[in-house]
Every structure is written in C-alpha cells, then in structure tokens.
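Trainee: The residues making up each chain are set out below.
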Amino acid sequence: MTNQNQHTKVRIKFSKHTPMIFIGHLDIMRYFQKAMRRADIDISYSAGFNPHQIMSFAAPLGVGLYSNGEYLDIEMNAPMNSRLMMDRLNQVMVEGINILSVKKLPETAGNAMASVAAAGYLVSFRKGHEPAFDYEKKLSEFFLKEQILVVKKTKKSEKELDLKPCIYELSIKNGQIYMLVDASSSGNIKPSLVMEAFYKENGQIPSEFDFIITREDTYTNLGTVENPEFVPLDAVGSEM
Amino acid sequence: MRTLALKDEILLKIDKPARYIGGEVNSIIKEKEQVDIRFAMCFPDVYEIGMSHLGIQILYDMLNQFEGVWCERVYSPWVDLDAIMRKEHIPLFALESQDPVKEFDFLAMTLQYEMCYTNILQILDLSRIPLLARERTEEDPIVIGGGPCTYNPEPIADFFDLFYIGEGETQYAPMMELYRSIRDKGGSRMEFLEAAAKLPGIYCPLFYQTDYKEDGTIASFFPVKEGLPATILKEIEMDLSHTYYPKKPVVPFIKVTQDRVVLEIQRGCIRGCRFCQAGQLYRPVRERDVEMLKEYAIEMLKNTGHEEISLSSLSSSDYSRLPELIDFLIEECSRKKINISLPSLRIDAFSLDVMSKVQDVKKSSLTFAPEAGSQRMRNVINKGLTEEVILKGAKEAFEGGWSRVKLYFMLGLPTETKEDIEEIAVLSDKIARLYYETVPKEQRKGKVQIVTSTSFFIPKPFTPFQWAKMGSKEDFLSKAHTVKQAVLSQLNQKSIKYNWHEADVSVLEGVFARGDRKVGQVILKAYEKGCIFDAWSEFYKNDIWMCAFKECGIDIDFYTTRERSLDEIFPWDFIDCGVTKEFLKKEWENAMAEQVTPNCKEKCNGCGAARFGGGICFQSRE
Chain L
1 MTNQNQHTKV RIKFSKHTPM IFIGHLDIMR YFQKAMRRAD IDISYSAGFN
51 PHQIMSFAAP LGVGLYSNGE YLDIEMNAPM NSRLMMDRLN QVMVEGINIL
101 SVKKLPETAG NAMASVAAAG YLVSFRKGHE PAFDYEKKLS EFFLKEQILV
151 VKKTKKSEKE LDLKPCIYEL SIKNGQIYML VDASSSGNIK PSLVMEAFYK
201 ENGQIPSEFD FIITREDTYT NLGTVENPEF VPLDAVGSEM
Chain U
1001 MRTLALKDEI LLKIDKPARY IGGEVNSIIK EKEQVDIRFA MCFPDVYEIG
1051 MSHLGIQILY DMLNQFEGVW CERVYSPWVD LDAIMRKEHI PLFALESQDP
1101 VKEFDFLAMT LQYEMCYTNI LQILDLSRIP LLARERTEED PIVIGGGPCT
1151 YNPEPIADFF DLFYIGEGET QYAPMMELYR SIRDKGGSRM EFLEAAAKLP
1201 GIYCPLFYQT DYKEDGTIAS FFPVKEGLPA TILKEIEMDL SHTYYPKKPV
1251 VPFIKVTQDR VVLEIQRGCI RGCRFCQAGQ LYRPVRERDV EMLKEYAIEM
1301 LKNTGHEEIS LSSLSSSDYS RLPELIDFLI EECSRKKINI SLPSLRIDAF
1351 SLDVMSKVQD VKKSSLTFAP EAGSQRMRNV INKGLTEEVI LKGAKEAFEG
1401 GWSRVKLYFM LGLPTETKED IEEIAVLSDK IARLYYETVP KEQRKGKVQI
1451 VTSTSFFIPK PFTPFQWAKM GSKEDFLSKA HTVKQAVLSQ LNQKSIKYNW
1501 HEADVSVLEG VFARGDRKVG QVILKAYEKG CIFDAWSEFY KNDIWMCAFK
1551 ECGIDIDFYT TRERSLDEIF PWDFIDCGVT KEFLKKEWEN AMAEQVTPNC
1601 KEKCNGCGAA RFGGGICFQS RE
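Respectively, the protein sequence lines represent chains L and U.
When we follow the numbering used here, the leftmost residue of the first sequence carries the number 1, and every step to the right adds one.
When we follow the numbering used here, the leftmost residue of the second sequence carries the number 1001, and every step to the right adds one.
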C-alpha cells in the first residue's frame, strides 16, 4: 500500500478550442481519464472495489466556450519531469486540446476547485452580430455604475443580484471586451450574464449566439478579499 | 484545422453535438489529395449505437490500411438535427472530413436489424442520393449493404446497388482495385456494377429478376445478365488469427453503448439452436488464437485508454481457451485498474468463480436464457439447457451470494401449447423456491429477485424455423397474458417480475425478416409518411406502418402467419450461407419430432459448413 502522503500533487493546464468546445464537462473528465492511460501516466487510484483515478477539475467550462486556461489536478505515485509529462500528454491529445503546463503543487496546496477565485474572459462578436451601440465607449460608463443589478435564474428560483462587486476588471483589449470576474464556487459569474446586463443598459437584448467567449485564464487569490492578488492557478506550482 | 459541416449555432442548439464533429481519438484523417477512393461507412442509427458496433471498427481499420482509400464514418442524425438539415438544406456529411457523402465513391451501410430500414432511406435522402438504385447516376456513390440483414436483402433490394454477403475481411480489397481500374479507364457506373456482381459474395439486385406465382409465392429467381451466378455463396474469413482487427479503435468523446475495448474471441456457434439465425449464418465456428487475443487486449487498452474490456462471441463459454484468457485478463487488468465486463457465460462453477472475481456479487445479477419453459419445448428449439442444469447453476450462485436472476424466454415458438407457456412461470417459481431453500434466513438480504422476460419468436431465414408460422399480434398478447396469469398464481409471485416485449414491432420485424422485393415499396411509403428510428419505441408509429401496408396492397399475414410448404422457393434461397437447405429441412423435421441434435463439438451433423475447409469441422472431437 502506498501512503497517501507520498503522492505527488500535479496541476495540469490546458486549452480548449474547436471542435472540443462542443464537448461538455463530464465528457472532458472521461476524456482525460482515458488520456492518462494512453500516456501511461503513473496516476494514483482510490482504494475500493472500483478504483478511480484521483483527478479533479478547477472550474467547469460551459459548452461552446473556448479556453486558454483550464486546469485539472491529479495525484501521482511518483513525480515525473514536467517537460516529459507535457510532451507525453500532448502526444495523446486530439485536435482542440493542448497541454500548456504541468506543475508540481506544494503539499499544502488546496484542491483545484477550492482554489479558484476568478476567471478572465475575452468576449468578441460573431460576424454580423455586433451590438448596435458603441460598445467600446459605453463599457467604461457601464463599469462606473454603483450597482449592476441582474436577475439570476436558477432551476428553482429567480433572485436579484448585484454584479458590481463580482467584476474585478472590465476593459477593451484589441477591440474585444475583457472581463475578470468572480469564478469561486460560491459566487461564479457567467460572462454572458455581464454581457446581458451591459446590453440591457444600452437598450438591447443579446441573443445566445452573439458572443464568442474565451476564458483566458483561471486565477487563485494570494491576497485577501479586500486586497486581492490574482495569479493563474499554475503559478502556485513548480516545475518537476 | 478541419472546418465543421455544421455552424456553431446549430451545434449549440442540438442534443449531443459530439455526435457530429468527428475528431475522436484514433479517428483517421488523410490528405484528400493523397487518396483516390473516398469510402463512407455508415451505421444507420444514432452515433452512440453505431459507434458501439465492432464490425464497423474492423472494416474502418481495414479500409484505411488500403493504399489510396480513405474510409470515414456516417451515422443517422438524431431527430433534432434531422429536422434542421431538412429545413436548412444541409447535406449529410462524413465525420472525419465533414465533406458531403454525395461526393464519396462508396456509401456502405451495415444492416444489423430490420427496424433500421427506414433509416437507410433517411441516410440516402439527407445525402441527396436517389432512394432507388435504378435512378442513380454517375454523380452518386455506389451504395453497398452488408451485415446480417443482407442474408435476406430482398425487402431492401431496390435501395442498394450492391450487397456484400458475408464477412467483410475478404472482398473489399479486390473491389477497390476493380473500381479503380474501371474508373481509370473511364468506365461507367454500370460497367463497375456488372464487374462487381461477378466478385465472390457480391449481389447486385438490379441484375436479378423474380417471377411470382399467382398465390404470391416465388416461381423463379434468376440473373438477367449473362455470366452472373444464380446463387451467391457467402464470404468467410477462415483464419481469424491472421486477419484485420483494429489495434487502435476509435474512442468516442461521449458515452456510447459499448464504451470499452471489445475482443472478439471467435466467430460462429456450435450449439445449433433452431430459432437462432446467427448460429447458422456464421458457421463454422472459428476461434482466434489465444496469444493473439492477449496481445491485442494489451495494445487496444493502451491505445484507447478505455477502463473496461469485454469479450465478444455468440457463446463465450464454448471458447476452448477461455480459462487461460480470463486468467490473463484478470491479472493484467487488476494491475492496470481496468474492469472486465463478462459476456453472458453459461452459469457453472467456473463462471461463478470468475464472476465473483471481477464484479460485485451484491450488485450483479445472473442471466439464464432457457428460451422456453418446458423441456419438451426446449427440445423442439434444440436449446441444450436442462432444468437440472439451470437449478444447479442457480443453487451454486445463491450459495455464492447472488440473489438476482434474469431469465429470458420466447413466446410463439412452433408447436407451443398453453402448458409450455405456463411452465415459464413454474420454472421462475422453482428458482425462487430454491433460493429460500438454499440460503438460510439470517443470510438473506430481502427477497430473491427474479426478472422473467419474454420476447416474441420471429422466424428467420436460414434457420430450421424458416418454414414456421409466426404468431399474430393477438396471439402474442394473449400468450403474454397467459404467462402473467401463471406468474400471479405462483407461490413466490411477489419475487417474480414479468416483462414482455412489444408485439407491434415484432410483427413488422417478421415481415421484413422473410419479406420479398414487394415489401420494399411499403418501407419507402412509410418513410415518405415520416417513419424513421423505428427501433426506438418513442418514434415507432405503428398506425402509419399499417396504413403504408394498406396503401401498397401488401398483406402482412402472407409474410407472417402463412403456412409455408417445404418446396416453396424463398426470397433468400439464391444465397448460400454454407448450411444446406436439406440440413435445415432435416432440422425442421427433428424439431417437429422433438428430437435434439448434438452440437458441433459432440458430433458433426453434416450441415454443409465443412465446405469452407476449416474451423470446428476439422478439429478432433472430445
């Protein structure tokens, strides 16, 4: 029996592009379980009659969204050279997913999901679906508002929510809208919700397919709630 | 990067877009400029079903090994996308290149069950290929049908240019060469079809004609072109240990029905159950070499990353090296944390021991397929399973901790009486009693659970029962009612759950199974009236089908409940599956005499399959 403490915690960063944007979160999990076997990664398994790989994902990404900063954590029975492991994984990936980094986590690191504090998104418009108003100009006005009230619908209820404290940054980058928003498990904000509020403010209602959304990275907070210091999730790890 | 055939807006709107994007692990991408034959391989049902089919994985792997050939996959778009494609005029495309099927040289479909027949038309229609073979032009792919249903291709003969009768490993290479040579000489589609019709195992329905008698039965069936064979012998791969088998099967992104590595350990079956078509079609039994299977198991697990492996064959317990193979897999798989999913094995001490090693006894159930309730009836169908064997297996299982049992039976078998049917309930009850006798009260965890299921017997071509009358819908439902009543009168009725199959679909399956060319128009009519996905009960529209039969003036009873004489020419008689009609007749007579025929391992019964020169026919018997 291997001692749980001897396991190496490893964080893997990957990107998700077409056609893999059409694969949902549960299937991405299955995909990585199979990929670990194909790449012959010495991943740890849980005990019991049906052992499963010790693997957890940071923040599920909705179907249709692109990403340059997805993360999953695994436990390994022994460390492995980061570069080698990244190459081996990339060799078994499909078109649309690339492994971007492989880092060893400190013993004390929290799990991927609990570590997530924020996510940065770039939003652009599909051809012919650009907004009718001058979004570059209106964006700063929108971000200066005291409150950004929206109705958040869940399966069971509708409740009013102020988005303002959940938006840490809202700006124009190369003609696209960039937003850094709360992505913690308790306060996750979908970028489409921010866009909807922005459109409503300007008298327009967006349709589902207007936006092309890319999650640029997923962040953890090394500072405090009041003075956050957001760093990408893999910044807390080190090369093996 | 590939460009997808469907716009993002569509892919995000439909259920499971992963069905349509291709790009799965081990799917094959070739440079279009590097190939001169484009081949679309289709399973005419939804992706999750089609991707679970081993035959396509074998042929996909094989065709892509051929120089200059690129084989891609096509499945039936689900009803949501089907509607969008019709409305927005989007042509059906193949998954790998996302190119329209219409641009391909070949469109091959595997026909695994009769209820997919309207989906054949869906595929052709969405591909914009004329539904009728005689209306196709140089612009259209050559449409080929293969798989078990092609052993009676007549009901769908109008829709196919060619049928490939038998196992796919042997004739595709020569067919591709033939196609290339005729095309490169500037030859026409018709020239190719004529040449292809002379290849072994290939049937081109356009070149054959049926004349009917006044009573609707066949007077004669013959080729209308010179030089074509009057009978077509099935193709067969005799050396299964040295042939094509995929080391890198395609791994779907979404969960499919068969989401695991599948090792086909043998083809054929020694048993000779008289209702079973596969048991006759795939004769003789040919085993794969156990060392080959071990090697493939390891490679396939490594190349797919699957977490489960299963064995496939008609009767796995009859595979001579099964204990050795299973020991090897248990050893390998426990190290790699891979599950073994066992095929249905004959319940005995060996299989119970294996099952207890690879599955959670508390959660799993045992499966018996006695197929008939009474011993008399089991003798008629030549099912070698006796009550004594069933009860012995069940007793051992109960002692080993199992408490759930599934039992499968058929209703509507030839010569069946009310007593035979009631025996189904009696046998179920005997097994329940045995549990309470075997397991002491303090060790029981609740009641024993017996699930008894019946399906309706459908006579199939190339079986000794091909002459049998099939029951009507009313017969079937009354028989199911009899079982239900009999279960309710048993002592342990509360431990027995009884399920029965839909009767409507069984009747239709019966028509297609033994239908002739006249039935094709009904399929076309039903499709035009909106029938697709008939294998899915939620989409099966019996009233439309009945209406289609009526409009075409086709009498269902002619194909199902009619008594057939021993000298009737059947629509499938021009196909030779190796087993002779004389043997089947003899078996039909044995059935009527309630005579059991020994299996191929015990004794050769001279069925005719020895002509293939190998397999069990030439092995020494125990």
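Simulated from the structure, these hints should not be mistaken for lab results.
All figures in this text were calculated on a predicted structure; none of them were measured in a lab.
One should not assume that every hint holds.
[As the list claims (entries may be wrong)] Derived pair list, reagent style BS3-like, types lysine-lysine, alpha-carbon separation capped at 27 Å: (1) U:Lys-1336 to L:Lys-190; (2) U:Lys-1007 to L:Lys-190; (3) U:Lys-1255 to U:Lys-1007; (4) L:Lys-34 to U:Lys-1586; (5) U:Lys-1586 to L:Lys-200; (6) U:Lys-1362 to U:Lys-1469; (7) U:Lys-1392 to U:Lys-1497; (8) L:Lys-104 to U:Lys-1337; (9) U:Lys-1494 to U:Lys-1447; (10) U:Lys-1336 to L:Lys-104; (11) U:Lys-1469 to U:Lys-1337; (12) U:Lys-1601 to L:Lys-34.
Trainee: Quick one: which hint numbers does this structure break? Sort them smallest to largest.
Mentor: 1, 4, 5, 6, 11 and 12
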